[in-house]
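Participant: Sequence:
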Amino acid sequence: MTINRRVQTRVKRSKGSVFLRSDFKDIADYDQVGRALRELVREGLLIKIGYGLYARARINRITGNVMADNPSGPDGVVIEAMEKLGVEYQLDDLSRMNLSGDITQIPAKVKIIPKSTRFTRKIAIGTQFVNAV
Numbered sequence: 022m023t024i025n026r027r028v029q030t031r032v033k034r035s036k037g038s039v040f041l042r043s044d045f046k047d048i049a050d051y052d053q054v055g056r057a058l059r060e061l062v063r064e065g066l067l068i069k070i071g072y073g074l075y076a077r078a079r080i081n082r083i084t085g086n087v088m089a090d091n092p093s094g095p096d097g098v099v100i101e102a103m104e105k106l107g108v109e110y111q112l113d114d115l116s117r118m119n120l121s122g123d124i125t126q127i128p129a130k131v132k133i134i135p136k137s138t139r140f141t142r143k144i145a146i147g148t149q150f151v152n153a154v
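Just so you know, we're using the working numbering here: the sequence shown kicks off at 22 and counts up by one.
Worth double-checking, as some hints may not be accurate.
[Claimed, not checked] Pair ranges (Cβ atoms, derived):
#: 1; residue 1: Asp47; residue 2: Met118; range: 39 to 45 Å
#: 2; residue 1: Lys130; residue 2: Arg34; range: 29 to 35 Å
#: 3; residue 1: Ile127; residue 2: Met22; range: 41 to 47 Å
#: 4; residue 1: Arg63; residue 2: Gly94; range: 31 to 37 Å
Treat the hints as calculated values from the structure; they're not laboratory data. Predicted model, so just to flag it, every value in this text is computed and none were measured. Ideal Cβ placement from N, Cα and C applies to all residues, glycine included.
Could you put together the complete structure from these sequences and hints?
Facilitator: Right, here's the structure in full:
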């Protein structure tokens, strides 16, 4: 089985939708894994959302564009990426009040804010982002 096929199989069988490049270090070395991941991005099986961060993708039935394959959408992908990286985060005030039940308004966009100012890694998927402009 080729390296590309092994990486693809692991992506398809995984329960999570966010992957780090280091998740595949037992398959091959750094450069070979990078080439396999780039190929999967070209094929539309993955989306690159940051440095060494990838999200499982699928084709949108309506638009035909590639989108994240996560039931929670882009917000869920960014939250899963933050948890996978081990970074503590908080939601903006409106989203936090909605989740706690204090208000019934649903925010149009959830803003995810890292608790540490030292976290400068850029994560972006669609219109949802962390540390990106």
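Participant: Hints first: check each against the structure and report whether it holds.
Facilitator: Here is what the structure says about each hint:
1. Asp47 <-> Met118: 39 to 45 Å: Holds, at about 43 Å.
2. Lys130 <-> Arg34: 29 to 35 Å: Cβ of Lys130 to Cβ of Arg34: about 32 Å, so the range 29 to 35 Å holds.
3. Ile127 <-> Met22: 41 to 47 Å: For Met22 against Ile127, whose Cβ atoms are near 46 Å apart, the range 41 to 47 Å holds.
4. Arg63 <-> Gly94: 31 to 37 Å: violated, 23 Å
Checked against the numbered hints above, the structure breaks only hint 4 and satisfies the rest.
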